[in-house]
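Protein chains: 2
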Amino acid sequence: MVLTDDRHPPQQEAPFDLRAYLAEGKARVEDALDRCLPITYPERIYESMRYSLLAGGKRLRPILCLATCELAGGTWEMAMPTACALEMLHTMSLIHDDLPAMDNDDYRRGKPTNHKVYGEDIAILAGDGLLAYAFEIVADTTRNVEPQNILRAIARLGRTVGAAGLVGGQVVDLESEGKSDVTLETLNFIHTHKTSALLEASVECGAILAGAEAADLDRLSRYARHIGLAFQIIDDILDITASKEVLGKTAGKDVAAGKVTFPSLLGLDESRRRAKELVESAKAEVSAFGSAALPLVAIADYITSRNY
Amino acid sequence: MVLTDDRHPPQQEAPFDLRAYLAEGKARVEDALDRCLPITYPERIYESMRYSLLAGGKRLRPILCLATCELAGGTWEMAMPTACALEMLHTMSLIHDDLPAMDNDDYRRGKPTNHKVYGEDIAILAGDGLLAYAFEIVADTTRNVEPQNILRAIARLGRTVGAAGLVGGQVVDLESEGKSDVTLETLNFIHTHKTSALLEASVECGAILAGAEAADLDRLSRYARHIGLAFQIIDDILDITASKEVLGKTAGKDVAAGKVTFPSLLGLDESRRRAKELVESAKAEVSAFGSAALPLVAIADYITSRNY
Chain A
1 MVLTDDRHPP QQEAPFDLRA YLAEGKARVE DALDRCLPIT YPERIYESMR
51 YSLLAGGKRL RPILCLATCE LAGGTWEMAM PTACALEMLH TMSLIHDDLP
101 AMDNDDYRRG KPTNHKVYGE DIAILAGDGL LAYAFEIVAD TTRNVEPQNI
151 LRAIARLGRT VGAAGLVGGQ VVDLESEGKS DVTLETLNFI HTHKTSALLE
201 ASVECGAILA GAEAADLDRL SRYARHIGLA FQIIDDILDI TASKEVLGKT
251 AGKDVAAGKV TFPSLLGLDE SRRRAKELVE SAKAEVSAFG SAALPLVAIA
301 DYITSRNY
Chain W
1001 MVLTDDRHPP QQEAPFDLRA YLAEGKARVE DALDRCLPIT YPERIYESMR
1051 YSLLAGGKRL RPILCLATCE LAGGTWEMAM PTACALEMLH TMSLIHDDLP
1101 AMDNDDYRRG KPTNHKVYGE DIAILAGDGL LAYAFEIVAD TTRNVEPQNI
1151 LRAIARLGRT VGAAGLVGGQ VVDLESEGKS DVTLETLNFI HTHKTSALLE
1201 ASVECGAILA GAEAADLDRL SRYARHIGLA FQIIDDILDI TASKEVLGKT
1251 AGKDVAAGKV TFPSLLGLDE SRRRAKELVE SAKAEVSAFG SAALPLVAIA
1301 DYITSRNY
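Protein sequence lines, in the order shown, are assigned to chains A and W.
Here the numbering used here is used: the first residue of the first sequence is 1, the next is one more, and so on.
Here the numbering used here is used: the first residue of the second sequence is 1001, the next is one more, and so on.
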């Protein structure tokens, strides 16, 4: 995808190449993830952590973190430990959500889930290990950032994962399963906590590390909330319209589980319309940053255009 | 227990009242834990976290953290968020270790385990929530401490919980279960990672927050490793000699599970002798701190005298 910056036509800037940007970000993040988690005794737990952490994926969260650090005047290097931490937290939540006691999923990103390969006990511990390691690497390996800002990023990450974030979202999701009277309000709660929360933290943490001011953080938060919800609506749509081969995980699962989703509440067309609307709102939020926000604008567009 | 400081006889100091010290520490820690985790939506997860976090216990880890912060020139207040975090990490590891996929325990501290009350899904999430919250409160609520030292404490906590600490210890413990050829080396690995690691972090973090120097931290680490191993040996002994009523958890479980323990490898008498020897070594390590180390000396003695 190529996006030209039409807000500054006289400057004739080079078109923004999102494909190259995402590929570069993904490569840098995966290299850092690979290097920060070498296998040592007891090997099985490190293998299990690496199995899920290095299982691919778009690495959207870490890339958003790198992007907003740069947007706010920092460098990718300053944000790399936090970017890795975000991917560890995301991976940890997937490993635990897939467990038999939770969503009981057998496939994830086209591969058997962690507990199918390593057993439930190791899968639980691999999640715990990733969760703890996320905070350790941010505290221990972040360079050229004000310690005060590192602490703010750590607090932000903690809030995002805990009962006020991912964990809380998963609890309400579990409580809603099988119920036919789930409201749009509850559905919004689940998704703002399970999906948007981590995207929002990704976007905010990068900017926090670079020392961004409150007004800019607010703007970035709103951008993240919009794309987070759009992302989830598209996920719900793809669960209905895409196949397992394309999706890399069990498709049609929401319908089979009688789960209330955006399409089941609003229909496919209205869901698509809302996702588009949210992406436009997200882009409007960051337009004030001018060309510095090109990666964020392109990523917002990318979210509604994806088909896996 | 009352311990007089016989290293400084001319000063005629007041005898150190460990019972009062532990009671005061426990009350302050439990008050802080209670206040930092109010129940909010979704209530069930907060209730589950609080159920295990506020289930009593000696609060030895947080008290050790407060004690070493004071020993190194700081205050209890500076260390209180980290003290609470240590108890959250300890509680989290107990909740997850008790799960059916792990040690499958029904009782803990005289009460049904978390998953017996709230279900496995909520118990897993309660552990995750406590793990994340531990880092959040240290980063967010520690006051009057150099930000650089808060970051060092956070990194230390992360290393303690992850695959290089508690998680790694539990993995080797699970791998050793049912095996009759477990070596003393492996048993030591399990206990230094499952038990000593968190005691060591407790002792070190308090001193780190107060800005202690490397040599003092090394001394405190050795103290903690010694009492940690002594603590575990006594635990193994009590599993054989005490009843469930006194212990508050399932007794005789190690023997029933065919688990290799210190008494099974060394016999009861030799195990008792080693525990005593370790406590003496621990006390020798901190003797250089003089009367400032009275709480640590008394706690070391307390560990071999406990019967629950």
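Hint data in this document are derived by calculation from the structure and do not stem from the laboratory.
There could be a bad hint or two in this list.
FRET-style restraints, in silico, Cβ to Cβ [as the list claims (entries may be wrong)]:
(1) W:THR1241 with A:ASN104: 38 to 46 Å
(2) A:ALA20 with W:GLY1211: 34 to 42 Å
(3) W:ARG1035 with A:PRO100: 29 to 37 Å
C-beta: ideal position from N, C-alpha, C; glycine also.
Going down the list of hints, with the structure as the test:
no.: 1; hint: W:THR1241 with A:ASN104: 38 to 46 Å; verdict: holds (42 Å)
no.: 2; hint: A:ALA20 with W:GLY1211: 34 to 42 Å; verdict: violated (47 Å)
no.: 3; hint: W:ARG1035 with A:PRO100: 29 to 37 Å; verdict: holds (36 Å)
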